[in-house]
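Trainee: Sequence:
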Amino acid sequence: MASPLSFRTVELPLRHAWTIARGTSTVKRNVFVEVRSGGHVGYGEAAPNVRYGESWETVEAALHKLAPVLEGRDLRCFRDVSEAVDAALPDNPAAKAAVDLALHDWAGKVMGVPLYRMLGVDPARQPVTSMSIGIDVPETLAVKVREAADFPVLKVKLGADRVREVFGTVRALTAQTIRVDANEAWKPDEALAHIQWLSTQGVELVEQPLPAADVEGAKWLRARSPLPLVADESLTKASDVPKLAEGFHGINVKLQKSGGIREALRIIETARACGLKVMLGCMVETGLGIAAGAHLAPLVDWVDLDGNLLLAEDPYRAHPVVQGRIQLGEGAGLGVEPR
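Just so we're aligned: 16 in full-length UniProt numbering is position 16 of the sequence shown, and the numbers increase by one with no gaps anywhere.
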């Protein structure tokens, strides 16, 4: 019996070079998954990130390993199938996320309802998403800010150098609310100095100012920061959350680093129990991956689901974005199909 799982890797050119504290890229290679059973097809996406030890090659290797595990399984036994995926792919979050998304999409199509309805989520409570602005030269920053004019909130990437130059260029061009993401670029003393200055510039929050390994530095900084601090690289799974409460005011959950929807929901519940606010973020993904996050977005405080908008061309018909708010429709499952 053939496995219900198939996959392919696609090269995705970016609209602009994407620069954050860790480096620059002009193209992404994501892996797209299909699960087929009973006349229905579920779609999923892996957007691997080197920060978490993954690449398109590791995703493909993991999926080759998983394919025979799913042979002969009844996908309607959703929990059993999900547990088999977890057991087969313990260290491959993006690969696991792709299959998890595809299974949820398939289940929604079998039931004939959108994922948000399966989860009991109210789409009317969808927060606005921020639009990310990568590190760049002033001329290109100006282009990016113009392109993001319809978004009420921007997220500006900052690195170890040119902090005031990059941020100041963006702030001089717009009165939009700005969030800042340092992607682990700063040391505690300089982080505090940067954050104190940013607090005078209309910044809403700062994401991952210190390296994830600097737990004590995070506690020291949280006690002194005039702005909310949000953990990103410090968090991958629900069991990480309790220890982050002393170093951060909130956490950023991403389906690609948590392994999919099931673990993301556990992270959100754990964060609420620990008194933390929640952001729902993304990698550079197509409208398929972004759609999965959008169905969970009404459960969180802040949204950063803009990965498909960084692409030169999206191979999926994404949910439309109106004045920064993703509009979920009545399509079954994730509600997204290939172009």
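These aren't lab readings, by the way, just hints derived from the structure by calculation. Incorrect hints may appear among the rest.
[Said to hold, decoys possible] Listed below are the simulated PhoX-like cross-link pairs for lysine-lysine, each with C-alpha atoms no more than 20 Å apart in a straight line:
1) K219 / K187
2) K219 / K144
3) K237 / K187
[As the list claims (entries may be wrong)] Estimated spans, in silico, between C-beta atoms of each pair:
4) A193 / P320: 19 to 29 Å
5) D91 / T24: 42 to 52 Å
6) G329 / R164: 41 to 51 Å
7) G72 / V143: 36 to 46 Å
8) G120 / V143: 52 to 62 Å
9) R125 / G275: 12 to 22 Å
10) V143 / T177: 29 to 39 Å
11) K237 / D301: 27 to 37 Å
12) G53 / T26: 39 to 49 Å
13) T200 / D80: 51 to 61 Å
14) P138 / R79: 17 to 27 Å
15) R339 / K243: 22 to 32 Å
Even for Gly, the Cβ is constructed at its ideal location relative to N, Cα and C.
Trainee: Check the structure against each numbered hint from earlier and tell me which ones fail, lowest number first.
Mentor: 2, 3, 4, 5, 7, 8, 10, 11, 12, 14 and 15
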